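Each position in the sequence shown, counted from 1, maps to that position plus 93 in the numbering used here.
Be a bit skeptical, because a hint or two may be false.
To be verified - Cβ-Cβ distance ranges computed for the label pairs, FRET-style:
#1 Asn164 x Asp131: 29 to 35 angstroms
#2 Gly132 x Phe156: 15 to 21 angstroms
#3 Tyr118 x Phe158: 15 to 21 angstroms
#4 Asn150 x Tyr118: 24 to 30 angstroms
#5 Val157 x Glu128: 32 to 38 angstroms
#6 Asn164 x Ala129: 17 to 23 angstroms
#7 Leu122 x Glu161: 16 to 22 angstroms
#8 Asp131 x Phe156: 27 to 33 angstroms
Rather than coming from a laboratory, the hints here were simulated on the basis of the structure.
Here the structure is a predicted model, which means the values were calculated and not measured.
Even glycine gets a Cβ: it sits at the ideal position worked out from N, Cα and C.
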Amino acid sequence: MTNNTVELPDGSERDGGQAATVWPYQAWLLRTWREAPDGPWRASLTHVQTRQTQRFNNLQALFVFLFEQLNP
């Protein structure tokens, strides 16, 4: 497995840049923060099944990513 591949629960691998397999159940751990009181929201999202973490510089990028993961 390379840095860009993710091992799926069934043992297969996929490229980390491709849309995720749509499972009947998806779970993520979402973390949000601001680096300054008036700064933009930042986020990291960890997919529970694959343990892959994505980082986002703004909430719009987070929402686009989630939409793409759920609608491949």
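Here is what the structure says about each hint:
One distance hint, 29 to 35 angstroms for the beta-carbon pair Asn164 and Asp131, holds here, with the actual separation near 33 angstroms. Between Gly132 and Phe156 the beta carbons are some 18 angstroms apart, a value that agrees with the proposed interval 15 to 21 angstroms. Roughly 18 angstroms separates the CB atoms of Tyr118 and Phe158, a value that falls within the hinted 15 to 21 angstroms. At roughly 28 angstroms, the beta-carbon separation of Asn150 and Tyr118 lies within the given 24 to 30 angstroms, and the hint holds.
The given range of 32 to 38 angstroms is broken by Val157 and Glu128, whose C-beta atoms sit roughly 21 angstroms from each other. Remark: the range hint 17 to 23 angstroms for Asn164 to Ala129 is contradicted by a beta-carbon distance near 33 angstroms. Taken as a hint, the range 16 to 22 angstroms holds for the pair Leu122 and Glu161, whose Cβ atoms sit roughly 18 angstroms apart. At roughly 21 angstroms, the beta-carbon separation of Asp131 and Phe156 lies outside the given 27 to 33 angstroms, and the hint is violated.
Checked against the numbered hints given earlier, this structure breaks hints 5, 6 and 8; the rest are met.
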